[in-house]
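Engineer: Sequence:
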Amino acid sequence: MIEQWNRTITYESYFNACQPTQCTYSYTSRNDIIYILTTFFGLTGGLITILKFISPFIVKLEKRVYERKISELEEELKKIDSIKADNIRLKEENAALIRVISKLSK
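To convert, note that position 73 of the sequence shown is 73 in this note's numbering; the numbers rise steadily by one, no gaps.
Keep in mind that the hints were calculated from the coordinates and are not lab data.
Nothing here was measured: the structure is a model prediction, and the numbers come from that model.
Honestly, I wouldn't trust all of these hints.
When the alpha-carbon atoms are kept at most 30 Å apart in a straight line, the in silico DSBU-like pairs for lysine-lysine are as follows [claimed, not checked]:
1) K106 - K84
2) K103 - K84
3) K91 - K106
4) K91 - K78
5) K69 - K79
6) K52 - K63
7) K103 - K91
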């Protein structure tokens, strides 16, 4: 009969005695429908939560870019209007000069 159990674990002795050539680890994957559904809904919920936090920042950034483009376009339109006014003024001055030259040449 065993009166005392002496338990000593030495992995080094085991590997030296057995000398395995390869250690493997196996994992059985769960691909049943309940696992797939819970994983899908978990990922979906996580994405929705992340998007709830990120989307306001994305909208603000897009709004800033849009407003900057609009202000740049407004500046360009002001320049174009100024150039048009200058062209009209120069056209009228040219017409007046042509009239003066034509009167002088008669």
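Engineer: Take the hints in turn and mark each one as holding or not.
Structural biologist: Here's how the hints hold up against the structure:
1. Among the hinted pairs, K106 with K84 is inconsistent with the structure: their alpha-carbon atoms are about 33 Å apart, more than 30 Å.
2. Between the alpha carbons of K103 and K84 the distance comes to roughly 29 Å, so the proposed pair stays at or under 30 Å and holds.
3. Among the hinted pairs, K91 with K106 is consistent with the structure: their alpha-carbon atoms are about 23 Å apart, no more than 30 Å.
4. Distance restraint check for K91 and K78: the Cα-Cα separation of roughly 20 Å lies within the 30 Å cut-off, and the hinted pair is therefore satisfied.
5. Distance check on the hinted pair: K69 and K79 sit about 15 Å apart at the alpha-carbon level, within 30 Å; holds.
6. For the proposed pair K52 and K63, the alpha carbon gap of about 17 Å is at most 30 Å, so the pair holds.
7. Taken as a hint, the K103 and K91 pair is honoured in the structure, with Cα atoms around 18 Å apart against an allowance of 30 Å.
In summary, the structure is inconsistent with hint 1 from the numbered list given earlier, while agreeing with all the others.
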